[in-house]
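With the numbering used here as the guide, the letters of the sequence shown map in order to residues 1 to 930.
Just so you know, these hints were derived from the structure itself, not from any lab. It is possible that some hints are incorrect.
Here are the simulated DSS-like cross-link-like pairs (lysine-lysine), alpha carbons at most 27 angstroms apart as the crow flies [stated by the list, open to error]:
| hint | residue 1 | residue 2 |
| --- | --- | --- |
| 1 | 479 | 464 |
| 2 | 130 | 604 |
| 3 | 62 | 130 |
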Amino acid sequence: MILTVNGQAQHAAPRPGQCLRTLLRELGWFGVKKGCDAGDCGACTVHLDGEPVHSCLLPAFKAEGRAVTTVEGLAGPCAPGSGPPEHFHPMQEAFLDAQGFQCGFCTPGMIMTAAVLDQGQRQDLGTALKGNLCRCTGYRAIRDAVAGTAHAEAPQTCREPVGRNLRAPASAGVVSGTAPYTLDIAMPGLLHLKVLRSPHAHARILRIDRDAALAVPGVVAVFTHEDVPPRRFSTGRHENPADDAPDTLLLDSIVRFVGQRVAAVLAESEAAAEAGVAALVVAYAPRPALLDPDAALRPDAPLVHDPQDRTSPPPGADAPPLLPHPNLAAEVHGAIGDVEAGFAQADLIHEEEYVSQRVQHAHLETHGAIGWRDADGRLVLRSSTQVPFLTRDALCALFDLDRTQVRVLCGRVGGGFGGKQEMLTEDLVALAVLKTGRPVRWELTRQEQFTATTTRHAMRVRVKMGARADGTLTAISLKVLANTGAYANHAGGVLHHGCNECISAYSCPNKRVEGHSVYTHTLPAGAFRGYGLSQTIFAVESAIDELARGLGIDPFAMRRSNAVRPGDPMVATSLEPHDVAYGSYGLDQCLDLAQAALAEDPGKPPPGPHWLIGQGMAMAMIDTIPPRGHFAHAHLRLETDGGYTLAIGTAEFGNGTSTVHAQIAAQVLATTPDRIRLIQADTDAVAHDTGAYGSTGTVVAGQANFRAATALAEAITIDAASRMGVEAAACRLSGEVVETPIGPIPLTILAPLEARAEADGSPRSVAFNVQAFRVAVHPASGEVRILSSIQAVDAGVVINPMQCRGQVEGGVAQALGAALYEDYRFDGAGGVITQTFRNYHIPACADVPDTRVLFADTYDRIGPLGAKSMSESPYNPVAPALANAIRDATGARLTSTPFAPDRIFRQVMEAVAGHATQPPVEDVRQGFAP
1 MILTVNGQAQ
11 HAAPRPGQCL
21 RTLLRELGWF
31 GVKKGCDAGD
41 CGACTVHLDG
51 EPVHSCLLPA
61 FKAEGRAVTT
71 VEGLAGPCAP
81 GSGPPEHFHP
91 MQEAFLDAQG
101 FQCGFCTPGM
111 IMTAAVLDQG
121 QRQDLGTALK
131 GNLCRCTGYR
141 AIRDAVAGTA
151 HAEAPQTCRE
161 PVGRNLRAPA
171 SAGVVSGTAP
181 YTLDIAMPGL
191 LHLKVLRSPH
201 AHARILRIDR
211 DAALAVPGVV
221 AVFTHEDVPP
231 RRFSTGRHEN
241 PADDAPDTLL
251 LDSIVRFVGQ
261 RVAAVLAESE
271 AAAEAGVAAL
281 VVAYAPRPAL
291 LDPDAALRPD
301 APLVHDPQDR
311 TSPPPGADAP
321 PLLPHPNLAA
331 EVHGAIGDVE
341 AGFAQADLIH
351 EEEYVSQRVQ
361 HAHLETHGAI
371 GWRDADGRLV
381 LRSSTQVPFL
391 TRDALCALFD
401 LDRTQVRVLC
411 GRVGGGFGGK
421 QEMLTEDLVA
431 LAVLKTGRPV
441 RWELTRQEQF
451 TATTTRHAMR
461 VRVKMGARAD
471 GTLTAISLKV
481 LANTGAYANH
491 AGGVLHHGCN
501 ECISAYSCPN
511 KRVEGHSVYT
521 HTLPAGAFRG
531 YGLSQTIFAV
541 ESAIDELARG
551 LGIDPFAMRR
561 SNAVRPGDPM
571 VATSLEPHDV
581 AYGSYGLDQC
591 LDLAQAALAE
601 DPGKPPPGPH
611 WLIGQGMAMA
621 MIDTIPPRGH
631 FAHAHLRLET
641 DGGYTLAIGT
651 AEFGNGTSTV
661 HAQIAAQVLA
671 TTPDRIRLIQ
681 ADTDAVAHDT
691 GAYGSTGTVV
701 AGQANFRAAT
711 ALAEAITIDA
721 ASRMGVEAAA
731 CRLSGEVVET
741 PIGPIPLTIL
751 APLEARAEAD
761 GSPRSVAFNV
771 QAFRVAVHPA
781 SGEVRILSSI
791 QAVDAGVVIN
801 PMQCRGQVEG
811 GVAQALGAAL
821 YEDYRFDGAG
831 GVITQTFRNY
841 HIPACADVPD
851 TRVLFADTYD
861 RIGPLGAKSM
871 SESPYNPVAP
881 ALANAIRDAT
891 GARLTSTPFA
901 PDRIFRQVME
911 AVAGHATQPP
921 VEDVRQGFAP
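Take the sequences, apply the hints, and build the full model.
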């Protein structure tokens with residue numbers, strides 16, 4: 001058939017059942033994204049004869065003889081791969097000016113929908129954009145783009161760029177759909193990989209008959225547990241591999257959750273691979289499954305990792321440690337002072353159990369990778385990962401390869417939120433490439449993303465807290481139970497981190513923590529924004545609020561009188577020395593800013609006379625860098641054209657590191673950010689980078705960048721001084737020249753020059769967030785409406801205020817989803833029920849209020865140019881602040897997320913009746929287990 005795409009007549013022969021999205025991508029139009037497979041997310045939106053359609057729902061043959069416009073051709077006719085247009089469509093310009101994106105994966109579809117809205121539709125964007133989802137921005141920047149509100153300073157001509165609202169370096173590519181994401185490359189001879197997954201929560205595989213699968217036309221190979229290296233590892237990636245229990249095999253003869261890999265099929269097409277998977281015949285011997293984390297440590301509990309199953313390989317260094325109970329994945333115990341004496345001194349004690357549910361990362365780009373052999377025979381992986389260097393190292397260990405034999409690199413990554421601090425696709429792709437010698441592609445479906453990757457840890461926190469009548473805390477006790485699922489990736493890290501800053505933020509002489517993370521036969525948990533703190537802070541900040549109410553103390557004042565101040569020890573459960581310091585301190589400012597903003601801004605009016613109004617707040621502290629070392633290297637080179645090339649290891653996935661790196665280097669080199677060319681997230685580019693997680697893109701990689709830029713600036717001025725016969729101290733960089741006492745010398749004469757530097761992530765500082773809400777609650781229905789949302793943050797010197805504001809807004813929006821309606825649901829056999837965006841509700845444009853973001857004025861002596869991290873921490877205080885506002889409005893204390901309307905209604909009715917109690921056990925379990 002013939003169809004017209006972006007003004008170009010194209011011949012195509014769509015396969016039976018093929019959708020238009022897939023056909024367009026095969027024709028080279030990679031601006032058409034795959035995010036959901038079901039018409040739920042809008043990332044694939046194109047225009048068909050001028051009307052927006054979700055191309056994943058439209059059969060390709062229906063485009064015959066019709067005009068298709070993708071985001072690449074929105075500004076005018078173009079050819080595939082032609083790059084950004086010379087002139088943008090007005091809506092693309094609007095998204096540039098408002099910087100209406102972060103990772104940008106949703107942006108092409110969002111622009112295509114917004115470009116055809118009429119004036120009436122623009123007045124109700126919640127309805128008009130209901131078919132387009134964004135997980136990163138919180139939608140305010142998108143709404144501003146559609147309204148024509150500009151925020152970015154353009155072009156990038158400022159020679160003192162720190163503190164300026166400059167566009168992201170990839171902006172033009174993002175809004176035109178030409179920025180290449182992981183799978184946006186065409187490769188000849190590509191094989192496609194698909195996986196058969198377990199229908200059982202726990203079973204031994206007796207045999208796999210692959211004959212029928214191999215007989216499917218196009219199937220090239222089938223891999224089972226018999227074909228993989230007998231070496232255990234963890235999918236979780238950290239600088240020190242020992243941080244995560246090596247309890248995983250690439251393919252295993254024991255399946256431990258519904259959705260676990262059983263076998264992989266390689267074929268010439270995705271359809272053939274899927275047919276091959278369907279043809280596999282597997283005999284299982286089901287075993288008893290442990291689905292309830294409360295039962296995990298009982299003597300008679302089914303064992304998730306039975307020592308009897310560790311016969312190949314034998315128990316040893318590559319096996320999970322034998323803790324007191326085989327189902328115990330990690331534990332933390334510690335105390336300072338005398339907790340019981342502290343409670344005896346208290347005038348008021350609050351004790352309650354708080355439950356946080358599993359949450360999906362829901363980044364719109366699913367996990368995926370392409371692997372091949374390069375001209376030198378090296379294994380190359382292009383992956384959607386936050387940790388390319390650690391993934392490279394894991395593959396080398398798994399397949400017994402030298403680092404020089406493996407290269408891992410990233411394109412632009414479509415969101416992460418911790419979910420891509422895992423190795424979930426690269427290992428099987430590497431196996432397939434090594435076995436076949438051919439390039440291999442594997443992209444998870446949205447269903448697989450929900451049923452076979454990782455989630456936030458479901459966590460139950462029993463908090464007991466005492467205070468004197470004046471509000472002084474006397475004792476804090478936490479008992480934590482986390483469900484790590486079938487594998488312990490991040491179990492220890494999340495548990496320890498979750499039990500740290502939530503209470504080290506408060507000065508209290510008596511503290512105690514008992515924490516356990518347990519295995520169950522359910523979907524594994526992993527790294528997630530906040531890394532355990534969102535769950536524990538929900539409990540601690542709710543308890544602080546109850547004490548303040550019981551004592552008649554203003555909640556802001558309660559925090560002021562008990563929060564740590566410079567000079568106070570930051571202590572959770574140990575008095576041992578650590579490397580966390582007060583690089584700066586802005587919590588006092590954050591409390592003042594949030595309180596003043598809440599008082600002066602009444603927000604939206606109540607929806608009607610029968611709504612109850614309340615306000616609440618919560619605070620959070622976070623260490624700016626993970627413990628035990630986080631490393632980054634930077635290489636900066638002055639080129640012969642007078643520009644600079646910066647090689648840095650961190651990936652760009654909406655975290656904004658590309659923008660920050662360009663601004664830091666430009667500030668030090670007295671040039672403009674547009675003269676900094678970036679090479680990122682490639683193991684060939686620099687020596688090492690631990691990865692973009694733990695909010696380290698600015699404070700660790702940025703520090704390496706700052707040091708390299710400082711060294712290069714010094715080398716340039718010394719060379720210029722030597723050539724001109726003057727003192728280096730009398731010379732200074734200025735744009736494209738070095739100014740000297742006897743005249744300028746062009747950089748082009750001095751090039752090439754280069755410098756390298758590194759950072760080790762120590763010492764570490766602390767950042768602070770204070771969230772405040774004013775809400776209206778309808779007691780008869782349980783509906784909550786947010787009238788005002790405010791977050792004050794201590795980010796040190798804010799390198800790019802517009803971008804940092806977006807990070808905060810996105811964190812608040814994501815946390816509101818978890819607080820109000822996002823909820824994994826399981827069937828009675830451990831299988832995931834919520835497998836699509838249609839039945840797993842992430843915030844849409846209509847759901848998210850604008851959040852007023854306020855910055856404390858601080859300069860951090862540890863971070864580069866005074867900056868601190870501010871990526872994951874905005875998420876942490878949201879749920880307790882919202883719960884505290886609902887408590888203020890209704891008298892009902894909500895102890896389990898999400899705050900569903902039926903849960904609110906029941907609690908409000910109980911509070912009104914004067915006998916408020918915690919939810920019934922069965923309701924709590926729904927949020928916690930499995």
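We went through each hint and held it up to the structure:
The hinted pair formed by residue 479 and residue 464 meets the criterion: a straight-line CA distance of about 9 angstroms does not exceed 27 angstroms. Pair hint residue 130 plus residue 604 holds up; C-alpha atoms about 22 angstroms apart against a cutoff of 27 angstroms. Annotation: proposed proximity of residue 62 to residue 130 holds, straight-line Cα distance about 24 angstroms (limit 27 angstroms).
Every hint, counting from the list given before, is met by this structure.
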